[in-house]
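Trainee: Here the protein sequences line up with chains A and B, keeping their order. For the record, in the first sequence the residue sitting at position 170 is 170 according to the numbering used here, with numbers rising by one throughout. Remember, the numbering used here sits 1000 above the position in the second sequence when you count from 1.
Mixed in with the good hints, there may be bad ones.
As the list claims (entries may be wrong) - Across the chosen pairs, the derived CB separations fall in these ranges:
| hint | chain 1 | residue 1 | chain 2 | residue 2 | range |
| --- | --- | --- | --- | --- | --- |
| 1 | B | V1034 | A | L240 | 20 to 26 Å |
| 2 | A | Q175 | B | E1076 | 34 to 40 Å |
| 3 | B | A1026 | A | D230 | 25 to 31 Å |
| 4 | A | K221 | B | K1023 | 27 to 33 Å |
| 5 | B | I1074 | A | G228 | 26 to 32 Å |
| 6 | B | T1027 | A | H186 | 33 to 39 Å |
| 7 | A | K221 | B | V1034 | 31 to 37 Å |
| 8 | A | N232 | B | I1074 | 22 to 28 Å |
| 9 | B | D1020 | A | T12 | 40 to 46 Å |
| 10 | B | A1026 | A | R196 | 24 to 30 Å |
| 11 | B | E1076 | A | R233 | 26 to 32 Å |
| 12 | A | G122 | B | P1002 | 37 to 43 Å |
| 13 | A | P27 | B | V1067 | 33 to 39 Å |
For the record, the hints were derived by calculation from the structure and aren't laboratory data. Keep in mind that this is a model prediction, so the values were computed, not measured. C-beta: ideal position from N, C-alpha, C; glycine also.
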Amino acid sequence: MNTEKIEFHAGTVDEALDKASARLGIPREQLSYEVLDPGSAGFLGLGTRDARILVENDARTPDSRAIVEEVFAESGGETTEEEARPSGEASPEILKTTREQLTRIVENMGLTSCEVEVYDAGEIIAADVRCEESGLFIGHKGETIDAVQYLLNVAVYRRHEYEKKIVVDCEGYRQRRIEAVQSIAHRTARRSIKERRPLKLPPMNAAERRAVHLYLKDNPKVTTVSEGRDENRRVVVKPL
Amino acid sequence: MPQLKRLLEVLAQSLVDDPDGVKVTATELESTVVLELRVAPDDIGKVIGKQGRIARAIRTVVKASAVRYGKKVIVEIVD
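Isolated chain A (complex conformation):
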């Protein structure tokens, strides 16, 4: 029997079990699983960590491969650096598939003179795109580059066992965005302290929210939490 093990992330072990049960179509009581990380609610908004469980799926539901999507939906949010836990080098096959797949996407998007470079960057697999029309590839608030990145991760990890997150970048966009997000976080924190009330940041993706949490965790005068769902998920900065 081909037994597959799938990792689920959620706020608590309990929620992760619910999710696994729903996704695999196996009643909760019948799940055989191992707790990889019980998670942590954190303290004053720091060190929040998702619970992670590893579930055996011997049924091998036809949809089980789509699990990657689930893992991505939940990871990288309010988790700590430990979240990715990449062990060692990414395999050459994964780098090759990533390179081929991303090249096929950018070529077919009709972007002119694109170059794709894919390499193991330690925590992540970096997939850098150089092209003349970088604005078009990145899109409004990065929505296009984020969509490409998401599809690429799903496509690559359908064929290979999960190793580490593939991050698509273009002309240093990710770093610029992080800096912009930190600047917003800094100003919002200051205003929140001054006005003595919680302030909401604009909706952001998981990586950006994480950047905000990390940036403000050293500020003893505020705490941060995320609220809202999906596209509307955003960080709230609260004065202490």
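On the provided structure of chain A, position chain B as indicated by the hints.
Mentor: Here is chain B on its own, set in the frame of chain A:
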């Protein structure tokens, strides 16, 4: 708009178990292109995703590309 049709095929094929089951038909009305995506019945979930997340990402990428050609595009997933 063969380029947009091809892009949608490429994206869908990368996500499904049965790439040969991916069929895209394109209808063009003035500057709007309507793309209808069909996949093998078992693969439908793989192009839609949980809460439509994959479908949304596909639409975002195809739309971005359409801008390049000065077109509007509608992607419909037919089941």
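Trainee: Which of the numbered hints above does this structure break?
Mentor: Result: hints 1, 4, 6, 7, 10, 13 break, sorted rising.
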